[in-house]
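Colleague: Mind docking chains B and C on chain A? Use the hints.
First to last, the protein sequences are chains A, B and C. Note that the working numbering numbers the first sequence so that position 456 is 456, with each residue one more than the last. Note that the working numbering numbers the second sequence so that position 666 is 666, with each residue one more than the last. Note that the working numbering numbers the third sequence so that position 41 is 41, with each residue one more than the last.
Heads up, some of the hints might be wrong.
Stated by the list, open to error - Straight-line Cα separation of at most 25 Å, BS3-like style, residue types lysine-lysine; simulated pairs:
1) B:Lys379 x A:Lys390
2) A:Lys158 x B:Lys225
3) B:Lys648 x B:Lys281
4) B:Lys648 x B:Lys379
5) B:Lys379 x B:Lys349
6) B:Lys493 x B:Lys441
7) B:Lys486 x B:Lys458
8) C:Lys133 x A:Lys396
9) A:Lys206 x A:Lys217
Stated by the list, open to error - Estimated spans, in silico, between C-beta atoms of each pair:
10) B:Lys294 x A:His248: 48 to 54 Å
11) B:Asp651 x A:Glu263: 45 to 51 Å
12) A:Asn233 x B:Asp401: 48 to 54 Å
Unchecked claim - Stretch-level coverage of chain A by chain B, calculated; a stretch enters the list once three of its residues show a Cβ under 8 Å from a Cβ in chain B:
13) 31-37
14) 360-371
No wet-lab data here; the hints were simulated from the structure. Positions of the beta carbon are idealized from the N, C-alpha and C atoms, including for glycine.
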Amino acid sequence: MDRSSKITINPISRIEGHGKITIHLDENGDVCESRFHVTQFRGYERFCQGRPFEEMPVITQRICGICPVSHQLASVKACDAILGVDIPPTAGLLRELLHMGQFIQSHALHFFHLASPDLLLGWDSDPAQRNIVGVIGEFPDLALKGIQLRKFGQEIIKALGGKKIHPAFAVPGGVMNPLAEDDRDNLLSGFGQAYETIYAALNIVKDWLGENLEEVKRFANFRSLYAGLVDENGCPALYDGKMRMRDHDGNTLAEFDPSRYLEFIAEQVEPWSYLKFPFFKPHGYPDGCYRVGPLGRLNAADAMGTSEAQQEFEHYQQLSKNGLKGSTLLFHYTRLIELLYCLEKAEELLEDHLICGHDIRITADPSNREGIGVIEAPRGTLIHHYQVDKYGVLEKVNLIVATGHNNLAMNYSVNLVAKEYIRGGEIREGLLNRVEGAIRCYDPCLSCSTHALGQMPLKIEIFTCAGELLNEIRRP
Amino acid sequence: MKNDIQPVKMTIDGQEVLVKPELTILQAAQQNGIRIPTLCHHAALSDRGGCRMCVVEVDGAPRLAASCVTPVRDGMQVVTVNERITETRRTILEFLFAERNHNCMFCPQSGDCELQDLAYELQMDHLTVPQSFHEFPVDITSDTIGLDHNRCILCGRCVRACEEISGCYVLNFQNRGPGTLIGFDLNEIREESACTSCGACLQVCPTGALYNRYRTHYSVKGHPKDWQTIQTVCPLCGLLCPTVSTIRDNHLLKIEGAIPAGDEQPEGGQLCRQGRFDVLKNSGRRLLHPMVKKADGSWAEASWESALDITIDRLNAVRDAHGGNAVVGLASGLSSNEELVCFRDLMVKGWETGQIATLENSGFQNIYRIGPDKGQTFKEVSWKKIAEADFILAVGAVTHDSQPVVGSLIRKRIIRDNMRSAGIGPNDFLYPYGTHHIPLKNGDELLLIKTILSEAIKVMKKTASAPDVGKIFEQTEPVKAQDIVKKLHLDGKAQAALDEIIRDYVDSTNPLIIVAEDIAAQKNPSGLRALVNLALLKELYGNESLRLIVLKPGGNSMGAYKLLHPFDQEEQAETVPKGGLVLLEQNPFQDTPSLKIPGNLDFLAVISPYWPDSLVDCAHVLIPKPLWMETDGTCTGLDGSEIAFRQKMLDAPAEINPSWQTLVDLAARANVHLDYGSWDELRQKAEQEVQKEVSGEKT
Amino acid sequence: MKKPKLATVWCEACAGCHMSFLDLDEALVDILAQVELTVSPLTDFKDYAFPQVDVGIVEGGVGNEENREVIEHLRQQCRFLIAWGDCAVFGGIHTLRNWLSKDEVLRCGYVETASTVNGIIPAHEDIPQLLDKVLPVNAVVAVDGYIPGCPPAPEALAYCLKELLAGRLPVLPADMIHFD
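Same shape as in the complex, but just chain A (with noise of 0.2 Å):
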C-alpha cells in the first residue's frame, strides 16, 4: 500500500470517537484509498453464548440505545423460530406498532436532531451553531415539532413497553403485556400534529433538493445494489418480509427468505476496522457493495403500500429518474418518506380491531436448534442468527446489523468525496463538512458499531512519508 501520506479525520481525534476516517494519497497527492474505521468492538457474538435463548430479545437490544427495539425484535423473530411458533395475531400488530414507534423516533431524531441543521442553516455555516441548538434558535417552532415528532414515536414504545429505551415487551412467542384501550386513544389524538410535521419536513428537503440539484448529483453519486425487505406486492415490509437485492437498473437480482441470507451475503474483515463489510455474495467483494436504509428500501420497492406515502414516493421515482437514483444525499428524502410511511401505518395498526387484544403470547418449548431473524432497522437490514443447544442454550450468534451493510457505500461515498475536493494534494475548501454529510446520510447507528450522532468535529493533518506533520486544517 501507498503511504506517501495519510490524511487522518477523527471524530474528536483519538479521544472518543468510535469512527474516523483516513484518506491516503498517493505520491502525486491525489487520494488512493480512504477508509471509515470503526473503533469499537464489544463482543456481543461471544459473551451471548451460554445464555438462555429467551434472554437474548433484551441483551441485545443493549447493543444500540437509538435502536434497541429493532434490535429486540430482530432477536425475538430468531427466537420464535427457535421455539417454532407462529405468534397470535394481535401480538404481531403489537410489535409491528412497536417497530413503527422506533422508525418515527429514530427518523425523527436523525432528521431534526442531525441532518436539519445541513440543510436549514447550511453546510458551512458556522459549525457553533449547526447543531440542534441552532435550529431551535433560528427555527424554535420547526425544531420544536421536531423534538415534539420524536417524542411522539418514543411515547409509542413507552405505551407498550413501559419504557423508552431498552423497553421489555417482545418475548418468544408474542408479547409481554396487551396495549390499554386508553393508552390506544391518547396515541390516535397524536397523528394530526405528527402529520403536520411531516409534511413541513418533506417541503423543506424537497426544496432544498430542487436549490441544490447540481451537488445532489454530482455528490457521492454512484452506481450500487440495494436491498430492503419486500412484501407479495413489493411494497415496503418492515417487520417481516422476502429480502430483495436490486441493481442500480432495477433489476431483481435475488429475492429470498431472509433465512437463507448466508447464501446470498457474506462479510469481509478489513484489519483496520471493527465493522465487517458485508457484501452481496454472488458478485463477490468487494463488487458486491449493497446499500441498505431508507434509500436501498425505497430502491428495492415497487411501491409504498399506504396513501400518502406512495404520492411522494411516486414523486421520488420522477426524480430519481434524472440520474439521481444513487446520490447519496437522497437518503434524506427516502427517510421522510419513510416516516410518513410509519405515521400512516401506526394509525392503521392502532385503528386495528384486534389490537387491544388479550390473546398476545403462546408458550412452547424450543423445537429447533437454530433460528434467524431478519427485520428491517430504521438503518436498515438486520440479522440476528442463533444456535442453541437442546435446552435452549446459545451455542453460537451471528448478527449483522443494519449499518454494516452500508459499511462498504459508506467508504465508496468518502472515497468520492474525498476524490472531488482532494487533488496534487490540494484540497479544497469544504472538504471536512462534505465528508462528514456524506457519512451522516447514512445516519450510521454507529453505537451498534460506533456512532456519529453529532457532527464529527474536524480536523484533518496531513502526514509525510516520514510522518511528519505536514499541514492541519482546522474547523474555525
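Modeller: Frame of chain A, contents of chains B and C only:
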C-alpha cells in the same frame, strides 16, 4: 402453664414493647410495625442468620446482632437503624453485588427482586469494592425453573424451601467458599435430578437466581405496587391449594402458593408444576367468535344466535332420526360445578341423553360401585389427613404428575416423623425415602392387595380382633401367599418387604391407603373389594370415612362424579352416538386431550376457550367460552367433601359469553327452561347437589 | 453568573443514556439554556483536547485504550465527574466478556461467525486495542457522582444537573435509583 409465662419488656428504637419471650428481635419488631430489612429470612422458612442484612444494635454493643436469630431478652435495648447499621447493610449489599454478576438490565426478575429493592432502599448507587467478574454456570435444563448462579447470593432460602416446604430435599449447597453453588442432588443438572418442579424454591428466591422461565422482564412496565393480587384456589387437581395470583393489565403474571400469616412458623407456599407453571402457558389460539363449518369444510365466523340455532337444530335432527340417546355430552373434568349442572340439565332435558361423561377417564368411579360391605356410602379420607397417619400404603402408578403435593406431604412425614410407608406398583414415587417398595407391573397390584388382606387377617385373628371386622374375616377367601409370590415373580427382597408391609399395616393405628387412579379404575370387583376390605380392617377414620384416598384424573372429577354420575346409567342400552356436544376447558398442558369422540358423528358442537385442534376436523360448530381463570366457579375437592370457590382472576374478552349462559341459551332454543335465577343461585343449587351426594341421598 | 460548562462523552456503551437525555424532550430546551454544553456527541463543540469544564458526564464503561485515554483526560479537565448509566457505574452488560480472554472474544466475532469469509482479527494503528476487561469508570479514575440505570430516566440526569447547579454534589434519592 403457658399463661404463666411473663411477656418480655424491651425497647426497640426508643419504643417500649411487651412481647412473648420465645420471639426473635426480628419477630418482636415486625409485630410492632417496625421494619428491619432481611434477605435470608423468609416468613415460611426456618431462620439461618446467614446474610446479616437484619443486623441491629443491641444494648449499644460494638458488635451488631442478626435480629432474625437473636432471641429477645428482658430489658433489651434495640436500635434497628442508624448510620453505622445502614453503612454495614450497604457494605454487605455491595459485597453481594460484587461477588457475582447481577446484571439487572436483562434479569427476568428485575423489578420483583428483594436484593434490588434493598439496593435501592439503601441507595447503593455504585460499588466501592472491585467486582470479581467470575463466570458462574447457568442451568436451564428445565423448561420451568431457570437457575442462573451468576445471580445467586447463597442465602439458602431455596435449600430450606426444598426441604421444609416441598419435602424434596433435592437442593443443597455444593463446593466451598466463593465457589459454593446451589446444586441439585449430587451435582446433577436439573433435568436429571429428582426435582419435581414444584417451584417453591423460586417463590422464595430473593434474586433472579431461580426464576420462572415463562415470565420474563414483565416488571419493567409499571411498579409492583400497581399489581393486583387475587387470593384464590388452584382447581387443577382437586387438592384446592390456596394461591395468590398476580395480575397486571388483565394479564396473569404469576401464581404463587399462599403463605399463611401468623406468629407461628407458617408452612405454606407449596404448589406443583401444573399450578405454578403450566397455568401460565398458552399453547393454543383463543377462540373469539362462534364458528360454523361451511360445506367446503372451511370455517366461517358466525353470530352467537346463528351458531346456537344451528347447534340445536342439528342435535334435534339427530334425536328425531336416532332417538335422544344418540346425543352424547362430554364435559371437561376441570369444569366448575355450575357448568356441570347446566350442561347436565341441558343434555338430560334437551335430548333425554343417557350419555354424559367427562373427557378424562372416569374409570376411577369403579371403586365407588363396589361399595363397602357395611352399607355406608363410600366416603374417603381427606388427603390432608396424611399429616396424622402413621403408615401410608400407596397402591398403583402414583406418579409425580397427579397430585404431586400429596407426594411431598408424605415425604415430609417420612423424613420428619419417621412415618413408615410402602409402595406397590410400577414406580416408587417415594424413592429414596419410602420404607418399602414392591415393584410390580401395572395391573398386578390388586393381586398383591388380596395377599396382604388375607395375610393380615391371619395375623389379626391371632390377636383380639375388633368385632365388626369379623364379617370381613368370614367373607375373605384366604389366598395362598406363596402362589401369588410365585405368580408375581417376587424376589427375596420383595417377599421380605411384603412381610414387613403386612406387619406394619397390622401394627399401625392410623394407616391410610392411597389408591392411584388406574387402580380404582380396574374392572375386577374382587380386587377392588379386597382393597376396600383391607381399609375396613382398621376402624373407619373419624367413625365415618374409609381409610382410602383415591387420586382422580381431573381437577373437578369428584364434582363431575357427583353431578353427572346419577345420570350415567350403566345398565342403559348402549346407543351409537350420532351427535354430540363437548364442553372443553382450558387444559393448556395437554396439547391434545385424549377425547373419546365416536367417529363420524352427524353433528358435533364444541364449546371451548381455544381452537380445539384435535376436534376441528370432526366438529361442525365451535362456540367460545372463557377460561376457568376468567370466570367464577366452585369446584369439589379430591375427597368430595370440600367445595371451594375459585374467584376469577381475569376478565374474559368482552365478546365471549360465560359458558353457563351459553348453555342456558342453548336450552331455551331446545324449549328447555333452565331457570337458575342468578349465578349465585346456580352456585347454591350446585353446592346443594354435591352436598346431597355427600350425605348419600341419591336422586 | 457564568453558565456552568458541561462535557459528555460515551465510551463502551450503546448511546442509550444520551438518547435518554434527549427524552427530556421540551424540557431539553430549558436545560440547554442553563448550561453550556461543550464537548458532546450532541454538538459540534469538540476538540482534540477537552476544555476545562465544570462537569464531565460519562456514558459507558472503559473497554479499550481509547476509552481509557478519554476518561483519564476528562478527569483532569473537569471538576466533577459523573458516571452515567449502568455501564459507567458498574461496567454494565459488556462485562459479560470479562471472564473470557479478549482473543477468544475477537476470534469469535471475526473468525467463527457464520457469514465471515476471511477470518482475520482486526488490528491496526488506526483502531484502538481492547482492554482485558471492561471496567466501571470508578475502577479507572475517581468519580464524584453516580446515576445508575439502563438507561437512567431522563429525570435522573435532570435532577443531578439541578443539584449541581445548586452547588450540591448529587446523590440520587432511593426512588430515582434503578438498575434496569
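Colleague: Which hint numbers doesn't this structure obey?
Modeller: Per hint list: 1, 4, 5 and 13 violated.
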